[in-house]
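Trainee: Below are the chains, spelled out letter by letter.
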Amino acid sequence: MDRQLIARGVRRCSTPQFLLWILPWAALFAFGLYCAGLCLVKGLNQTNMDNRFAFGLWIFVDLTIIALGAGAFFTGFLLYILKLKDLDAVINSAVVIGFVCYSGAVAALLVDVGQPLRAWFTFWYPNVHSMLTEVTFCITCYLAVLLIEYLPIVLRNRKLREVPGFLVFEFELHKLIYVLAGVGTFLSFFHQGSLGGLFGVLRGHPFAFREGLAVWPSTFFLFILSAAAVGPSFILFTTWLISKLSGKRLVRPQVLQLLGRISGLLLGVYVLAKTVDTLIWINRTSPGAGFPAQEYFAWQPFGTWILFAEIVVFGLAPALILLTPRLRLRTNWLVSAAVLACLGVALNRFVMTLQTLALPTLSFDRYLSYWPSWQETGTFLAVVAFGVLVYSFSFRYLLLFPQEREFRQEPAAQVSETAVMDPVGRS
Amino acid sequence: MFPWNYGFHWSTGNVLFLGAFYTVLVVVATTVASAILRARRAVAAQQTDAIRWRSDFHDLPPRDRVCRHVLTGEFQVRECPNAFDCRQCETHARLVALHPPEAPPESGEELLGMSFPLDRFYHRGHTWARLGPDGAVTIGLDELGRRVLGVPDAVDLPAPGTRLRVNGPAWHIHKRNRDVRVLSPADGEVVEATGGIGGDGYLRVKPVGRGFDFRNLLAPCEVKPWLLREVERLQGALSAEGVPTLADGGVLLPDLSTAYPQADWDAACDAMFLQA
Amino acid sequence: MTGKRYGMSIDIDRCTGCGACMVACAVENNVPPAPEGATDRKGITWMRVFPVDNGRDGPDRKSVFVPMLCQQCGQDAPCVSVCPQQAVQVDPATGIVGQMPERCLGCRYCMAACPYHARYFNWWDPAWPAGMEKTLNPNVAPRMRGVVEKCNFCHGRWHAAKERAVGRGAREIDPADYVPACVEACPTAAIRFGDLNDPRSPVAQAAQQSGSFRLLEKLGTEPKIYYHSAREWVREIGRAPAGKEQVHG
Amino acid sequence: MRKTTRRDIFKFAAGSAAGLVFTPAPWRLITDTALWSENWPGIPRPARGQTRTRFTHCALCSAGCAVRARCVNDQPVSLSGLAGSPLCAFGLAGHQLPYHTGRVKTGAIEEALAAIAQRRSHDAVAVLDLRPGRTASWTYRRAMAALPRGFYLAAQSAIPAVNLDQVRTLLSFGAPVLDGWGTPSTVLAARSHFRLIQAEPLESHTAMLADLWLPLRKGSEQALALGIAHVLMQEQNAGASFPAEATAYSPARTAQLTGLPEAQIVSVARELAPGGALVLASQEWPEILQLNRLLGSVAHTIVGRRETPVPASWKKAAPVTAIEAVPDGSIGVLLIDESVCDGYLPWNAIEPKLAPAPLVVTFASSRAGYGRYARFTLPTAVYPEMTDDIPPALDSAAATFRLATPLVAAPAGAVEPARFIAQLAGLPPADALRERTDAIQSSGRGVLRTYADGKSIPVKGVKPDDFWKVLNEGGCWVDAPDPVEPPASACQSSSAAVVAMTWEMRLARGPMSPLLSKLYEESNLRVRL
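For the record, the sequence lines run as chains A, B, C and D.
If you count the first sequence from 1, position 331 lands on 331 in the numbering used here, and the numbers rise without skipping.
If you count the second sequence from 1, position 119 lands on 546 in the numbering used here, and the numbers rise without skipping.
If you count the third sequence from 1, position 17 lands on 720 in the numbering used here, and the numbers rise without skipping.
If you count the fourth sequence from 1, position 511 lands on 1463 in the numbering used here, and the numbers rise without skipping.
Calculated from the structure, these hints are not laboratory results.
A virtual CB, placed ideally from N, CA and C, is assigned to each residue, including glycine.
Don't take every hint at face value.
Partial chain A-side listing against chain B, Cβ under 8 Å, derived [claimed, not checked]:
#1 Arg11
#2 Tyr125
#3 Pro126
#4 Gly165
#5 Val183
#6 Glu295
The following block holds chain A by itself, in its conformation from the complex (with noise of 0.2 Å):
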């Protein structure tokens, strides 16, 4: 029934399957919303965060979300600014997942804060010394970059491009995409490196700060690299599950080896940078603030294991393998690589954000934990209902891999070949 809005030349399952793949999601969802709703209407009281914990799950998950949506950004470079042409077969699909993480990550920061209706302070008595000003207009103005990227792939869906409006503007913008790659790059690269810099310049933490270049502390450059290096890393495993999920070929081997390469390099990159730092922290930064570093792992269950877990199992260990030529060979490889290297930032942000928080700094703090309420996983399984969901229609509607109709052709033509075309031609 809406086969008229599916791609050509793409097979796509029947919509009761859709639906039913759907509506859990559409539930969970519905779910979120409804406890997004609560924290707004009833406050934060909702939340298990406090005066102590006054950034929770929430800024976790935006932290983790935007570093593997920075595949988007990316990407982008790489394609349209360095033109790794072999890129554009993921380069659609990477600009609905970085929409997805970052429109989600900027719904989820507006249930964060206290006062969402004055939002807009920020841009009206912007604080440039703050990383969070830095944040608040890179995050903005990069989501309408990337609403404006995603703009064309929406307007390509075989019902929309009838319209010629949509059409004629689709194709002008896409010759145009050039330059919103560059400032989305520009933007992006400001963004997560002030995301490193928002507790990089935290000097009340000394387990969060670091000394830096100019303004910037050294996090800001270390989380820059880290999401460059996973982007490519989520959009290899994003692309491998969906292509699972949906049992379908979608793009060629030699680009998520493409992938898993650049991925590799930077998160080689990454960690020497990383350890680097983190001797300079231990042996300087944070005994100069008086804070023997040894003192921050002697808080249970925090220990000298997930220094080694972050820098070793999650950074150095991805990164081999995917700088091995052989092993990137095997998808099976190739792919735990990439989900080692998204979960190695995702505990390098948990580490920078709620580690930081837990420890005490106080002689007679209490060392916290913190477990978030009800209503604050409901908010964040919205925004990955909301991700889901985002990606499924597009998925469905849109073209987001333009290899996997060559594939529908492919094999076919291979075995049919001599065994239909040659009694007919000859004879």
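Based on these hints, arrange chains B, C and D on the given structure of chain A.
Mentor: Showing chains B, C and D alone in chain A's frame:
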């Protein structure tokens, strides 16, 4: 945000930060605005059809976009950079100059059990154009195209006087809830819409401006290799999801539209009529 | 510009943990009573007295009370630079770190930035039992839900003192005329208040006294709250925490 | 006319949305939301108006601290102590007490009167006074004397005074010495010259602040008292006045029972020995009184106090009856004045004394106390709505007379317990407080202190009307030093003096200012029991 807002200082930080912000705003706004302006201009200049074809062409799988000189074996690999409009193509002109078209093969009219008269030029979207004695051109659907579509449910023909452009839509055929747009092989103005009844052409078109230019159409000598490849593509489109037999004894069915499930047949239409 | 630098000295040895400062502060600054479900992690206690012990048990156990409030850090207080919309500013005339609730967005970044946890978020709509709103201090506006607030050295009192000074035709506030509520309420006079820039003020002298210390001095936040204790182990509380405890909370 | 299509509607909607941006409406709305968020609905705006300073006395406990109230439009907005006489946390928030959510506002007064009238002729009537020594207490005693079978029960036995100036070593068995006991100013002023030893199983506030904390085993307080007595008797050969059982409490055995080191028990005893000792406890243990006697505290650190003068006509009053002295099952009507509370009798001590189907009427501002057992809870005014006098503080060696005068009006329907009971007993209607002040004035003893100007003037020269006026404006009468040393017998039940309500007990019994939730719920300063 503005100098008159509370807390604004003319400090370096403020100027740099807000300067960057406004630059971004201006760049993004300019980009979108210029896209809108250009789109309006294009619509006004009636370039919609050309753009639609370009967009369609861009969306075709790379193997469908190959240069006609690959079909004849002159190139190993080449993608058409001109969206199948060879009139402006320098490479094409050079190649034609190098190898002037051979005489048409004798058996040209019967190919793979289908009739392909060589008194006309074929378009890669399965139309043909035949110059009549009166200087008008008759445009029609070739046999392969006819077999794919079978007997149309309805035909949507342009009114006489309509301007046709190469690779623009010539007419629409409705079949199985589907609207197939047929690409025009030639520039011109519609004189008469005969509608394919009687099998000889759908439209009669008179030249506009400098007259007809058939350089974009396939020369008789190219028809056979092209057709072989087309059948192969058709085959691929039809049996992608595992419906194995294309034809009875290797010959194309006279009416494919009734023999295949909708999806397969849709794919076949897409492949044959170069629809993305 | 008079260039005052208001500060406090708190003698931990004199504090009896009676909580009068906390109550006086809440009364003065129109802080609402705890709503249903409030905990010590979600409350609004601009002034909060912590019981602190030396970590031992049995007869060796020693405990003191440490009143905590905004430490009124120096010019580049950690909370000032992080606020995205300039809702936190240091008043150059008084050195007081001010919080403007009507411009606060409630992002709580400043709370994450504060190493002293002296900032409080309005998790609930402020609510007073019926009739109790009549007892609100007219010099201080109650805050709305979703904004951050903290000690501002009883800014309402500063304002009133300033008005009185102007009324008298004086250029400066009489030091006796401007005293925060907690200082006034402290039964043991453990909290003293004054201008740190004035070498004659008891606070400036107390800051120089031996046994005087500030919390987390090495962070370089330049707090203007000076603590004092004659006991060595008490002075240790100004240092960074040592991770020897187990998780609780 | 062309038919309106769906497309037209879309076009119209999109056009309107785009056009709206160019109208002032959205920008106006944005600004309005900010204004709205500033004047967040439901946030009260504090009333502005004429600011006045008034003086009174805090009636929350018998310390009766002087209060300076800052009033705006006759509504107190903050309370503070005076120089050298600070308020405690309770007192600072006292002006918010009337707005406690648990407050009783209405009661079946007529029904209660009728029910009492029905029972009083053939049943014994008793009044339980939770703050004896007031003028109201005298009214109760007179009323009970006027009834055929009336008992006056006090929550505390006769209260001697503690002279903290004389104390050099204070041994406290769990008494909250630095946490709500006595008058804050007096205790804090004396704190610098006595050594405080706190024997308490848990680390209470007083234990934290004590010079020495003895974390003894729970329930071993009496053993420690006997153990100390044992050491004292051995070292001073003064065992005559102490029970023989102390001999069984050798330091070694005491150490075993209390969990304290033997040497510490001995050293504590030796610290107490030189004189100036005072032993306090949180319960009425006989050993404490005996230990005080042994240490020579009685008539030294524990002293008798002259009574504040009363009109001669009041002398026909019912005696103070100890609850133990009341025959079981005899009280048919029990009237409890809970409007103010310094101590209380546990219900299990009262219950056996009640007749079958007793009529219990309590005058209270909350149901948290005896209201649970009462048939009628009649609402009373609370501080600072009430007019009441405050008995002398236990750490005041001189008699005093202070009034808590209303800063705000009591709610309609509030009952004055003294007036109610006086009427019940058919006492002639009179202003008892005024009668009493006249009696004080006519005695010519002592001085009158006024806080507003910080003066002290001898009572002799003051006219009765002025005396009354000054007392109503926050003045305080202080008795002249007693020229005659009171007999030691006046301090017989001295251990009662030291039973003080802890904060937690107060919290459990009655309403507090809602703001004190800051201490209990929003900080870890106090753990709610």
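Trainee: If a hint holds in the structure, say so; if it does not, say that too.
Mentor: Status of the hints after comparison with the structure:
1. Arg11: holds (6 Å)
2. Tyr125: Since the shortest Cβ distance to chain B is 5 Å, the answer is holds.
3. Pro126: Constraint on A:Pro126 satisfied, holds at 6 Å.
4. Gly165: holds (6 Å)
5. Val183: holds (6 Å)
6. Glu295: violated (35 Å)
Checked against the numbered hints above, the structure breaks only hint 6 and satisfies the rest.
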